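Colleague: Each chain is listed here by its residues.
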Amino acid sequence: MSRPPDGLQIQLTATAESVYRRCSEEADHCISKGDDRNPKVKFFRTLDDALSTGIPSDPFNQKIALSGSLSNLFRFSRENLRLCYLGHGEQRRIIVLYICQSSEEENESYATFTYMVMSGKFDAAFASLGLRPPDRQGLLPHPSVN
Amino acid sequence: MTQFVAGSIPRIDRSVEHVGISRLRKLNSDDLKTMEKTLVLQENDQPLAVLLTYEKFLVLQDQLDSLMRTICVLSNSEESLALRSGIEDVNKGQTTDLGEIKAALNGKKR
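Just so you know, the sequences run in chain order L and U.
Numbering-wise, the first sequence is residues -10 to 135 according to the working numbering.
Numbering-wise, the second sequence is residues 31 to 140 according to the working numbering.
The shape of chain L in the complex, shown without the other chains:
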C-alpha cells in the first residue's frame, strides 16, 4: 500500500481504475507516435497531476464537498477533468469513485439549476410553498440536463 509523503492514501474504484488505465494507455500511445500535444496526453497529465499534487494538497477542502448526505464526497474539477472521491479525513484516505472528461466549461451549475427550475421540475415544490412558478418566456434548451 503506497502513501504519498503527506500520508494520504489514494485508492481508485474499479470504475475509476478502468478510466485511469485507458487514459494512461491512450496518452502513452500518442507519445510513442511523437504526438505529445494530443488532447489525450494533456488530459492524462491533468489527471495525474490532480492525483499526485492537486488533491493531496487539500483533500478534504469543504469548498469542493457535495452537500447534505453526500457531504463526504468531494468533486474536483480542473480544465475538462471531473473527478469525484470519497474522503475519510481521520483515516487520511480517499477513494476516487469516478473520473470523467467533460467538454463543458465548469461553473455551469447555476445555468443547469436555472434550466431545471425553468423546465418545470420544481413546479410542484413551488406550489407546495405557495409560490408562483417562474415566467418561462425566453427559455432556451440546455443540452447537459436530462
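Check each hint, because a few of them may be wrong.
Here are the simulated SDA-like pairs of lysine to any residue, each with C-alpha atoms no more than 25 Å apart in a straight line [unchecked claim]:
{"id": "1", "chain 1": "L", "residue 1": "LYS22", "chain 2": "L", "residue 2": "SER7"}
{"id": "2", "chain 1": "L", "residue 1": "LYS52", "chain 2": "U", "residue 2": "LEU81"}
{"id": "3", "chain 1": "U", "residue 1": "LYS139", "chain 2": "L", "residue 2": "ALA3"}
{"id": "4", "chain 1": "U", "residue 1": "LYS56", "chain 2": "U", "residue 2": "PHE87"}
{"id": "5", "chain 1": "U", "residue 1": "LYS63", "chain 2": "U", "residue 2": "LEU88"}
{"id": "6", "chain 1": "U", "residue 1": "LYS86", "chain 2": "U", "residue 2": "THR68"}
{"id": "7", "chain 1": "L", "residue 1": "LYS31", "chain 2": "L", "residue 2": "PRO48"}
{"id": "8", "chain 1": "L", "residue 1": "LYS29", "chain 2": "U", "residue 2": "GLU130"}
{"id": "9", "chain 1": "U", "residue 1": "LYS132", "chain 2": "L", "residue 2": "ASN27"}
{"id": "10", "chain 1": "U", "residue 1": "LYS132", "chain 2": "L", "residue 2": "HIS77"}
These aren't lab readings, by the way, just hints derived from the structure by calculation.
Given the structure is predicted, the values throughout are model-derived calculations rather than measurements.
Dock chain U against the given chain L, drawing on the hints supplied.
Modeller: Below, chain U alone, put in the same frame as chain L:
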C-alpha cells in the same frame, strides 16, 4: 422568521429579528462584528433588506455552491451513473491503491 411546515405548527427562527430602518442607523462597527442575529430591515412592516455578518454570508455562499455542485453531479447522466457505479465498487470492496495501478502500468511499458 416564521416557517410554515405542512401539517405542523409555525416555527419561529430565533436567529432572525425584524427591525425598523432606524435600527440600521444606530449600528456601529462593533455591533456589526458581534451581531449574532440576522436582521430583516423593514419600513412600515414591509421587508426591504437583510443584514447579516460577512462570515454568515460566506457560509451561505459555500452552502449554495455545495448544493449547486451536488445538482451538477446528479443532473449529469454520465457523472451520476459513474457515481453510482463507483459507490457500488466501494461496497463490493473493489478498490485498488493508486501506487499499485501505476506500478502495473509501468511494468507493462517495460
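Colleague: Going back to the hint list, which numbers does this structure go against?
Modeller: none
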